[in-house]
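Undergrad: Spelled out, the chains give:
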Amino acid sequence: MARYGMALDYKNCINCKACEVACKEENGILMGADKHRIWVGVKEIKGEYPLLDIVSSSFEPSQCQHCDSAPCQEVCPTNATYYDDNGVVRVDPDKCILCSYCMNACPYDARYVDDRTMTVDKCNFCSDTRLARGETTTACQATCPTKVRTFGDLDDPESEISVLLRTREHFSLKSHLGTKPKLFYLT
Amino acid sequence: MAEAVKKQGIKEFITSIPYNKIGLKDLVSFEKTPRNIIIAIITFAFLVSFAVGVTLYLMHGHHAYNVTREHPWGLLIAVYIFFVVSSTGLCIVGSLGDVFGFKEYEMISKRAIFGSIVTIMAGFAVIAFEIGHPVTMLIYNVLTPGFTSAIWWMGTLYGLYLTFMIIEFVFLLKHDMRMARIFGLTGLLVGLAAHSNLGGVFGFLNARTISNGVFYPTYFILTAFITGIFIAFIMMGIRYRLSFPENAKRMLTNLAKIQGLLIAILIFFVTWKMLTDIYGGMPNRSEVALHILGSWTFWAEVVLAMVIPLLIILKSKGSAVLAMFWASLGGMVGVFFMRYNLVHDTQLKPLQMMKVREYQLAPEWVHYFPSAAEIMISLGGLGLCILLYYVGTKLFNLDEEAH
Amino acid sequence: MQVELSRRKFLQGTVALSVAGGSAMSATNLFASTESPEKKLSITTKTGAAKEVKEIPTLCEMCVNKCAAIARVEDGIVTKLDPNPMFPKSKNMLCPRGNAGIQALYDPDRLKYPMIRTGEKGEGKFKRVTWDEAFRYITEKTVKILDEEEDNRSTFLFCAGEGMAEHTFQTFYQAFGSSNWLNHSSICLQTVASAYGVTLGAYPQSDLENAEYIIMAGANRAEAIVTPDTMDIFKRTKGRGAKMVCIDPRFTNTAAKADQWLAINPGTDLAFVLALTYVVLDEELYDKAYVEKYFNDFEAYRSHILTNGYTPEWAEPITNIKAKEIYQIAREFMAHAPKAIYYPGRRSTFAKSDFQLRRAMAIFQALSGGIDTKGGLVFGGKIEIEGHESLMPLYDKAKERGVVKTEAGYADCAVVSGGGSWLAWRNNFLEGKMPYSVRGMFCYKHNPMQNMPNTKKTAEMLKKMELVVCIDTMPSDTVMYADVVLPECTYLERTDPVKTFGGTEPALAQRNKVVEPMFESKPVNEILRGLTKHLSRPLFEVTKKYDSEVQDALTEEDEEAYYEEEFDMTRMYSHDQEVLNAHAVHAHEGAAEALKKYGIYYPKMDQYYKQLSANEHQYYPEKEKFYSVGEGRPQTPSGKVECNLANMSSKGIDGMPTWREEYRFSVPEGKFRLMTGRHAQYTQSGTSNNIVLHDLMPENYIWINKRVAKERGIAFGDKVEVASSTGSTVIRAYPTEKIAPNQVFFIHGFGAESSALTWAYKNGGSDNAVIEDVLEPVYGAAAMHETNVEIRKV
Ligand SMILES: Nc1nc2c(c(=O)[nH]1)N[C@H]1C(S)=C(S)[C@@H](COP(=O)(O)OP(=O)(O)OC[C@H]3O[C@@H](n4cnc5c(=O)[nH]c(N)nc54)[C@H](O)[C@@H]3O)O[C@H]1N2
Ligand SMILES: Nc1nc2c(c(=O)[nH]1)N[C@H]1C(S)=C(S)[C@@H](COP(=O)(O)OP(=O)(O)OC[C@H]3O[C@@H](n4cnc5c(=O)[nH]c(N)nc54)[C@H](O)[C@@H]3O)O[C@H]1N2
Ligand code: SF4
Ligand code: SF4
Ligand code: SF4
Ligand code: SF4
Ligand code: SF4
Ligand SMILES: [Mo]
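Protein chains in written order, with this note's numbering: chain A, 1 to 187; chain B, 1 to 403; chain C, 1 to 794.
Errors might be hidden in some of the hints.
Capping the alpha-carbon separation at 30 Å, the derived lysine-lysine pairs in DSS-like fashion look like this [as the list claims (entries may be wrong)]:
hint: 1; chain 1: B; residue 1: K355; chain 2: A; residue 2: K11
hint: 2; chain 1: C; residue 1: K339; chain 2: C; residue 2: K235
hint: 3; chain 1: A; residue 1: K46; chain 2: C; residue 2: K127
A short list of chain B residues far from chain A (calculated; beta carbon distances all over 12 Å) [what the hints assert, rightly or not]:
hint: 4; residue: L262
hint: 5; residue: T271
hint: 6; residue: D277
hint: 7; residue: W365
hint: 8; residue: L388
Don't read these hints as lab results, they were simulated from the structure. In this text the structure is predicted, and so the values were computed from the model without any measurement. Yeah, the Cβ is synthetic: ideal placement off N, Cα and C, and Gly gets one too.
Model the full structure from these sequences, guided by the hints.
TA: As structure tokens, this is what we get:
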């Protein structure tokens, strides 16, 4: 039993998308632009060449926020979306009826349809691959050239992520919606 | 019911439901006026397109639809809502007579209740092909119910509602007005609950500021009533081939007056929704509202479902029932856009506003246009509706029984 | 619509196919693994469903960096490549291409069998043959040509791209005895490597982990990934330890991560560096002690800079960088010295002035004293390993390199380095300027068709060659022009020569075979073993016929012994790579075992290597790192920084970096200067068919200034034709403010012409179809950004 979360030192991100490929290969994600568990959002730079507004551009790596108060879970009619013992928000493909309500409800666009099972899929912190094998990093964390991600147990005060969150300022995305994300952006 | 059934035994209770013994021959033996033939051909075409659409779906799954990660709900959801709102509306109209005892509306009760059954069945037929796994739904709705899910409540309550409506209809056929009233009332309440939950499906979406909040659950009841009255006009128009007897005229005039009031309230609602959306100080919401104002489908909804019927009603003080028949046909088209807009507008604003691919324009609005399969299944729903209703008119006596 | 095809299924298909053999396949579909439309399907597999799991340390070869990876093999199928944390160079990372390496192994289009051309060159029609048939064919043709050319071994050209087994191929070239060797350097890093070489004695590394001030000019480390630089720097920019100034005409991802970005006019960096130098000399900001100790000709250089008036004000209109910013950067740089780096760069030849530019950069760096020091440029340490066996017989009849010599140096360029000048060579060949005829070529892991400016000329050259032998893994554009195609297995299917990696934390690394080679592919070592078995003796016979020295020698020596000693080419390939590697590291105890087990070895690794946190590892303790190996001493023969190269002057080359008017950036009205470069998800031309990468970025787009695009009615995604005197290509438009109004850019490596490449074929625009063949005058490198183009909406 743990409560897994992830801290992102997002200013390190160079938008290389190694994390996206690693996730695809680890978790057998389908090809196709819409079929991704993880992404890097890019804010296009403002201004006119050469007077560009350098701080207006940024790379924002993201994935499912594993909300503690997850709208996707709340709206799921069959409880196919559930919190597992580690606080990871997961989808049970056997129960998912593909009503797509969760896709509409997730404020982060974290969900998509897996065409093989025709059920909804999303990041699950590699729970059924790496974590199931006893590994302690996710595929996206391990491969990152600039080490953006730190994954770990928020309930363990000694864990690296807990230390990071105690010592570095951070924010979460769309926090005003009250979803209580477990993805934390370090500033 | 228990009482009635006890008295008769189930088998007897069912076999004693009055209906006309008809064969296939009777079904095709309608008066061959050009208008009827056209309607028959269109219905048949709709049913064929339903079959084709479903086949496409069975072959390609959701790929047959234009739904995407960004726009997961498409035309079929809108059409489903269209039908279930119609159903609720007809249930309200039907209840005026046999539940609330307004005598003059009794002449339409049975017809309206039957209509409500037909429309919700058409709705279910459509949604069955939108939900990826309807069978799984039946199982896990029961095994692991999601009590926090508006969809769960909506689905479950509509299931119950359908049951109550059918029972009410049976008692109406059997002319057991007391039992009909009891089941009618229960059905109505369950229907209203189901229906406001459907509004809640949108109202609970805190990711979608345009839909979030109390508006849709109440608005849905209001527009259901309006829809029910539109359909009442259409049903009566067809029943009397546009030459209404006096009692029908009287009833319809009164209905029109109610309709006038309802539409006025609706306009008031929509105006305030727009005003608060735009000037409420929420950037995301006001952008979407302005975008909606710029779309023709919104104006189709306003003109067809609100402005035209209201003008006719105001001008004639409700007495222009013939004009209202035509306006109601237009009104239903408007109501269709109302449903389509509701679904589409909810998803207009992308949840991911950043570029996630190297060469792409930053997402601004989510685009959607239904695929052929979606359109075919939707038309099929309409075809199904007409067919079932037609069969119903042959099978049952839908007119008011003589007292 | 894309549906998953499991890798297992793909393999079953291919296994079945290889049993069925080639007889059922027509010549045209030799490349396809199956004829079914499944070829279009994707292939990723979820890990963890297998009975048997192996984890094998290997090295990535998706690009030049050679990062350490661990391959997860489940029931014989590679399902995942993970970073190997033990390698100090790659520091526990794999980039997107490294992750997508599995797709190189399972690419349905990959080369599977030896083939001989049946159609026209370039047409892509081949017949499948056995390895023996292929070798016999090559032998026959080679012997015939050499016989006709009277044993002039230089009648064959050998060319190779960069890779761990490049050396294996090079030994073949040496034993063959040709003087015509060309590799990627003259289209890549020739000028920077040579300029730093002659100025500081070596092409140094940058200690970006400790630098406090970095000028990143003409290098795009966020997208052109170079390890460990990419990993070291971006954790520290944006006010987090190091200030990075990015100098690039485009707003790249590196610029996005920089603290300051300056949009320089393309090709004018030399003026910028000269002006920086001016400020430093004029204001006496340089490290006087260092200059005193380690500079040659400092005074001459000083007066050269000052008297020529290379002031920031002078540079401003040339470079488009404000004088005040040049002052600021020069002062800041020196204030942070010696923990300041003017990053040397890698793909270097953008303009004709490049050699001089890199010299000026090296001298500027040296003025700060930031040489061989922590936080500056470092030479680092290196672990010695034993070289590979080679054979270099002397063939009397072999002629010198086929580049026309003039009195000053060479007609095309002043110096010809080991890697040669690809462009000059090709053009001389086409123009009939070779002093003898060159009639055949062997090409290893290299795709000159797509990587050299002026594709048309390259095609012409390949057409003119009587025998083209390509050793590749994919049906590249160059392979389409081959007479004989020899399929090498991919890097995951072979053990490659162990390699030593110098730096502040030196290490050895080895690529271990992960799975057995698929189809009939083989590692180059085995290919050459087979080829030399056929070729060696007949070639010796030709030599015996024409080479009087050999004839003389044979009068005294036993022929068989003499042949075996001096000419037996098979000798170099008689051992398997594993055996050769064990031998190469035998001086280091435990190294061979460690390299097999971990893929990595360095002395005291067992004590030093530690995991510090989930993301951090220690390789060497701080005090054991090789920051400084000679207390700042340059590695030139003189031990000094060479400001003035007198021997260059004699060849008509400026001895000291000098600005010339012809270097000025100018674009005629209505035209655009074309630039090309890297993207983090692609490697040159080599990965363009990789389905997973393709999925991330399906094609390249041309960057064009938004306002200009608007004027011309070009919207996002519109197709435009890009044309120059060389040729044209069609590509989609990406209007953006990240580029100047008179410049355009697109990512290199797209627009393949090989129809055997399912995803890459005619996908996107090909830069080298448009880029003109402009020679950089010192080393004959290809100056890639000297072409002005026209743009037309199509
Ligand atoms: N216009 C323009 N031209 C450029 C550049 C540019 O930016 N713009 N970049 C230049 C630079 S810096 C460089 S380094 C060169 C690179 O030029 P190349 O060295 O030609 O590199 P690649 O394009 O990667 O092509 C490598 C070839 O090797 C094959 N290959 C891959 N792996 C293996 C293997 O394991 N064994 C064998 N036998 N073959 C293999 C691939 O299929 C491919 O055909 O291009 C240069 N050309
Ligand atoms: N992802 C990825 N990484 C790679 C490779 C790859 O193919 N893909 N290839 C590897 C190889 S072989 C090499 S050589 C390196 C290349 O590494 P780099 O040399 O860093 O990469 P490039 O993208 O070729 O170009 C450098 C930058 O110079 C800019 N530039 C162009 N002209 C000028 C100029 O006149 N002045 C200045 N200041 N800037 C200019 C371009 O806009 C571009 O952003 O990358 C290596 N790493
Ligand atoms: S791997 Fe790391 S640097 Fe690359 S895109 Fe992902 S988060 Fe950013
Ligand atoms: S980010 Fe979306 S999918 Fe993930 S837990 Fe939150 S609401 Fe659910
Ligand atoms: S699509 Fe599946 S997971 Fe999502 S709400 Fe519906 S049943 Fe739950
Ligand atoms: S944690 Fe695992 S599943 Fe989630 S995005 Fe990263 S790699 Fe994918
Ligand atoms: S930088 Fe990427 S492609 Fe190159 S060797 Fe490293 S992991 Fe492989
Ligand atoms: Mo390169």
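Undergrad: For every hint, state whether the structure bears it out.
TA: Hint check:
no., hint, result
1, K355/B with K11/A, "holds (17 Å)"
2, K339/C with K235/C, "holds (17 Å)"
3, K46/A with K127/C, "violated (55 Å)"
4, L262, "holds (29 Å)"
5, T271, "holds (26 Å)"
6, D277, "holds (18 Å)"
7, W365, "holds (14 Å)"
8, L388, "holds (25 Å)"
Hint check: a violation occurs at hint 3 only; the rest are consistent with the structure.
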